[in-house]
Each structure stands twice: as C-alpha cells, then as structure tokens.
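There are 2 protein chains.
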Amino acid sequence: MSLQITILGCHSATPRVNAHPTSQYLEINNRHFLIDCGEGTQRQMRKYNVGFSKINHIFISHLHGDHFFGLIGLISTFGILNREKELHIFGPKGIKEVTTLQLKISKSHAKFNIIFHELSSKKSEVIFEDDKVTVTTIPLNHRIYTNGFLFREKENSRKLHIENVQQYPEIQTCDYHHIKAGKDVVLESGEIIKNEELTLPPSKTNSYAFCSDTSYKEDMVPIIKNVDVLYHEATFLSDREDLAKKTKHSTAKQAAQIALQANVNQLIIGHYSSRYKNIELFKEEASTIFSNVILAETGKKISSS
Amino acid sequence: MSLQITILGCHSATPRVNAHPTSQYLEINNRHFLIDCGEGTQRQMRKYNVGFSKINHIFISHLHGDHFFGLIGLISTFGILNREKELHIFGPKGIKEVTTLQLKISKSHAKFNIIFHELSSKKSEVIFEDDKVTVTTIPLNHRIYTNGFLFREKENSRKLHIENVQQYPEIQTCDYHHIKAGKDVVLESGEIIKNEELTLPPSKTNSYAFCSDTSYKEDMVPIIKNVDVLYHEATFLSDREDLAKKTKHSTAKQAAQIALQANVNQLIIGHYSSRYKNIELFKEEASTIFSNVILAETGKKISSS
Numbered sequence: 117m118s119l120q121i122t123i124l125g126c127h128s129a130t131p132r133v134n135a136h137p138t139s140q141y142l143e144i145n146n147r148h149f150l151i152d153c154g155e156g157t158q159r160q161m162r163k164y165n166v167g168f169s170k171i172n173h174i175f176i177s178h179l180h181g182d183h184f185f186g187l188i189g190l191i192s193t194f195g196i197l198n199r200e201k202e203l204h205i206f207g208p209k210g211i212k213e214v215t216t217l218q219l220k221i222s223k224s225h226a227k228f229n230i231i232f233h234e235l236s237s238k239k240s241e242v243i244f245e246d247d248k249v250t251v252t253t254i255p256l257n258h259r260i261y262t263n264g265f266l267f268r269e270k271e272n273s274r275k276l277h278i279e280n281v282q283q284y285p286e287i288q289t290c291d292y293h294h295i296k297a298g299k300d301v302v303l304e305s306g307e308i309i310k311n312e313e314l315t316l317p318p319s320k321t322n323s324y325a326f327c328s329d330t331s332y333k334e335d336m337v338p339i340i341k342n343v344d345v346l347y348h349e350a351t352f353l354s355d356r357e358d359l360a361k362k363t364k365h366s367t368a369k370q371a372a373q374i375a376l377q378a379n380v381n382q383l384i385i386g387h388y389s390s391r392y393k394n395i396e397l398f399k400e401e402a403s404t405i406f407s408n409v410i411l412a413e414t415g416k417k418i419s420s421s
Numbered sequence: 117m118s119l120q121i122t123i124l125g126c127h128s129a130t131p132r133v134n135a136h137p138t139s140q141y142l143e144i145n146n147r148h149f150l151i152d153c154g155e156g157t158q159r160q161m162r163k164y165n166v167g168f169s170k171i172n173h174i175f176i177s178h179l180h181g182d183h184f185f186g187l188i189g190l191i192s193t194f195g196i197l198n199r200e201k202e203l204h205i206f207g208p209k210g211i212k213e214v215t216t217l218q219l220k221i222s223k224s225h226a227k228f229n230i231i232f233h234e235l236s237s238k239k240s241e242v243i244f245e246d247d248k249v250t251v252t253t254i255p256l257n258h259r260i261y262t263n264g265f266l267f268r269e270k271e272n273s274r275k276l277h278i279e280n281v282q283q284y285p286e287i288q289t290c291d292y293h294h295i296k297a298g299k300d301v302v303l304e305s306g307e308i309i310k311n312e313e314l315t316l317p318p319s320k321t322n323s324y325a326f327c328s329d330t331s332y333k334e335d336m337v338p339i340i341k342n343v344d345v346l347y348h349e350a351t352f353l354s355d356r357e358d359l360a361k362k363t364k365h366s367t368a369k370q371a372a373q374i375a376l377q378a379n380v381n382q383l384i385i386g387h388y389s390s391r392y393k394n395i396e397l398f399k400e401e402a403s404t405i406f407s408n409v410i411l412a413e414t415g416k417k418i419s420s421s
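The listed protein sequences derive, respectively, from chains A and B.
If you're matching positions, the first sequence starts at 117 in my numbering and goes up one per residue.
If you're matching positions, the second sequence starts at 117 in my numbering and goes up one per residue.
Calculated from the structure, these hints are not laboratory results.
Treat the hints with care, as some may be off.
[What the hints assert, rightly or not] Calculated pairs, DSS-like style, for lysine-lysine (alpha carbon to alpha carbon, straight line, at most 25 Å):
(1) A:Lys364 x B:Lys220
(2) A:Lys417 x A:Lys399
(3) B:Lys163 x A:Lys333
(4) B:Lys223 x A:Lys416
(5) A:Lys201 x A:Lys238
This is chain A alone, in the form it adopts within the complex:
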C-alpha cells in the first residue's frame, strides 16, 4: 500500500502566471481523490497527467475562491467529455446551491449524477468509507467554515507466511482465506497451529492529513496523531505572525509545531503568500522546529509507502 500526492497548486489568494491556487491529487490505496479546486485546476490536471475519469470524489475544504472557483469548470468539462459515472462532492453547506445554479445558468447539462455531501459539523466525523480507505474531517479555524481531511488506508488482512504454511501438507489452498483472516489451524491430529506461525503482519497502512486554511489550532493534534504525511498551510513567516493571526492563517513555524506535537513522519507546507519571493525561507523556518519538511511546489509528487 502507498500514497502519492501531486501538488497541482499551492499558492494563496489570486492565481498568477506561475502561482496556482490550492489543489492536490491524492492516490491512496488505489483510490483517487481531488482535494480543493482553485481556478485553473483542470488545466493543471492536464499538465500533470491526472486522468479526469479517475476522479470520483472531490473534497473542498472551504468556499474561498482560491480553493473552489475551479470546481464548476471541472464539472462542466466532465460533462463535455461525456462522463457517465457519479461524482461525489464533499464540501461546506452552500456548495450545492452555488454549483447547481452555475450549472443551470450555463446550461451545462451533465448526464452524470452529482452527489453533494454538504458539511456543517464542527466536530470531526467520518464522511467517506469503503473497503480501502476512510476519510475524516479535521475541523479548522479560518475566517469561514473550513475542514481539513484525514485520509487513512484501512488495515489489510495478515499475509501468508508461505514457507511455514508449506511445512504442513495437510493445509490446503482453500484454507488460506481463513488463515489470512487470523484463524488458527487445527490439524487432523488435533494439534493447533497458531495463526502467528502461519502469517506475517499486514503491510503498513498510510495516512495523509490535509489542513488548509487555518490559524494555529492545537486541538487538531489528536486527530492527526502519527499520520505519515501532514500538509499544513504556512501562509506567512513568523515576521508576520500578527497578520497570520488577523487573517486566520499560520506561519511556517506554527505548522512545524503542529507536526512536532502530532509526531507525523513528514510535513508538507504550502499556501504561500505572494509577499514572499523566496519560498526556501519557509523551509528554513519550519526546519528549526521539525526536521522532515517538504515545500509544496507546483507539479511536485510526494510519496509515502
């Protein structure tokens, strides 16, 4: 199992020639999710070879333009491409009304169903679950109702320790299913072979927490504890902590403090304010607190396995 994040955009506020607003493509345990959808996301998807037909679930953190103004264009393009599969959109209450009105007014007659999952809870909740992955909200603190999202691979079954199993010719292939499910084996002699002898632990599961936009908010720490990869916004450096507080954003240092407390393996920072020309300064600042920091950069792929 593995996860891979493709950064489609990682800058704040307004799109510029080489600064695209927030959007990420997440592949996790063979699921394909789009997270946030700033203006121009569909162009970025084409540029970085994200297959449009793979996307069945879109998660929108909040309804500021730099996180969702590209959604209507993407949905409209899905229609032009004759999509037929259902599309699930998770986002704050209001997203259905505005999207539906835009589709109506632009006469974008989609043949596919759009299923809106509108969010309004201020508590963390599971909003998606299948046999591979769960997605849980991470309530954030911004100027507008905002959620982060925690994507977690489900535990796989244990793996056969095939060399050990083959030492018991009495064990048949049809027994493997039970063994992988954790059961012991009783031989005809009455001897019990413990499951631990016949299996290996399941492969490691991966988890990814996406947190944008938010002020410094320690109470997210228990929700994201020990995740493999944390994306946490860092709009400012500490020189403008006052502005971060006022606009309900974070500094690179604050993002690193959250990563440290949550004991994550890897921290990605992004959502840089355009006032900073050298984004390496964000890494320098965060690295004084937390060692494994990666700068989000448009087109960058970040993996964990």
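With chain A fixed as given, assemble chain B onto it according to the hints.
Frame of chain A, contents of chain B only:
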C-alpha cells in the same frame, strides 16, 4: 484614434495547457474593455500585462462556461487588490444572480460597487455610450441567449487647418472652439470664411465587432457593415459544417462569407475546436472567400488605426 485587441484566449469548450477559453482585451479611443472571461482569464491578463485597474467595463457574450467561468475569480481578485472603482458588467440576464451568490458564498466582500447591466433583448441596442465610444449589441444565434458587441469610436470634431487660419489675423484663439465645431467665421468686413477652408476632416474613427458564439447569421451584416475589424468565431472547418449547424457554431468559410458581405477591412477568426491540430487550415479556408484574415492566437495583439 486607434484600436488594439489583445487575444487572451481563443479556443473553445475546455481549457487545456496551451489552449485558453475566450477572452479579449480591447483598447479603443483610450477606453479599456474586457470581452468575455473564460476560466483563467485573470492569469492571462497578468501574463500579457493587462492592467487590472484599467478595466471598468466587462462584456460577456453568453453564459457558457468557456466565456464566463473566469469572471468570479477576476472580481474576487479585484476585491483582494482593494479596488474601489465601480465595475460595470454587461451580460445576459442571470449573470447578476450567479455572480452575487458566488460572492456571498465565498465571502468576497468587495469594497467596490458592481453594476450589472443585464441583457435580454433580441434586437440590437446601444448598451454603453460616453464621449469617446459607443457599444451596441449584435444579436447572435447560439444554443443559449448570446450577443456580440460592436465597439465604435465616436466622431471627433474637425481639425484646425492652422496654416489657413493664420492667414486671417482677425481670428483669435478663442474662436478655434467654434471653428472645430463646424462654424463659419464672419470677419469685421462682413466677409464669410467657410468652415471647409479653415478645417480638415476629423481623423478616421475605428470600429470593432466581436461575434462569438454563433451559427451563420446573415442578418448581423447590416449591423457590422464596414467595420474595421471583425472577430467572428470559426469553431469548425467546412468538413464539419453539419456539426457547426447542430451546435450552432460557424465554419471558417461562413465567417469569411459574413466578412465579405459586411465589407469589413480585417477578419479575425478563433474559437477553434480542439479536434483540429493545425489552425493554419482555418486561415486557408477563410482566405478562399475573404483576403484579409488573421488567426486569433493567444497573446497576439491586433491593431487598427
């Protein structure tokens, strides 16, 4: 007086890496207009150095996504840039409701007033007029209510023929205003000096007709007769005239037929379907009917004076 068109996007349907949906920046007689606003227009404006603060009037031909999905992002950015000047938006009925809802839901609190001029007439009408320019709608025939726009410089006053004027020492500087306005001069002797002797004709006025999207529609010809520059969509080549008819678009040949009948000086074609890889074919086809054809290309500037 002069006009200059900057093509910000000229492709149809969906944005691609190097194919931007319709938007044009028009400078005419010291006025600055944005025409249509597909997704990504604000990025294109930055790329081609279109000053955001110069834009006070935006004209939207119709509410298909590739002509207006970039509008909300541009308005939102105006707000972030602390714009205070009024913004006038001309477009089909419905544009106010959808824009207002998007602004409300994204909490884009603009300090500036947005004045919507919603259009619903099927007849050509003057929708903007000041001392420099008039803008008139050109009713088009598309799958949705659509207008083209005719931009016309106003006639200037006649110019002083200064050498002739100076032959009459009795004529004072304070008389110039009346002479430029077309009046004759009566000397103290009673002699009448005809205005034609004292003035030269006003400089030529320019006009630009923007027609996208539309099926072949001959009754636009009287409205755009003799314009200097005509932009007419050419989504298809004649090989797919059937598809042009079905989708209410035009072929390159049809665009050229309109240009010929309207006796325009210059024809720009664009809005190419993505099915064609070589847009030179559009010029070849149009040029069999009309000689002065220019292909719209992203970033191209086209002037007339």
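Is A:Lys201 close enough to A:Lys238, meaning Cα to Cα at most 25 Å?
violated, 31 Å
Starting from A:Lys364, check that the Cα of B:Lys220 is at most 25 Å away, please.
holds, 19 Å
Given hint A:Lys333 paired with B:Lys163 - CA-CA distance at most 25 Å:
violated, 37 Å
Below or equal to 25 Å on CA atoms is what counts here, so check A:Lys417 against A:Lys399.
holds, 17 Å
Would the pair B:Lys223 and A:Lys416 pass a check requiring their Cα atoms to be no farther apart than 25 Å?
violated, 31 Å
The structure does not agree with the numbered hints 3, 4 and 5 stated previously, though it agrees with the rest.
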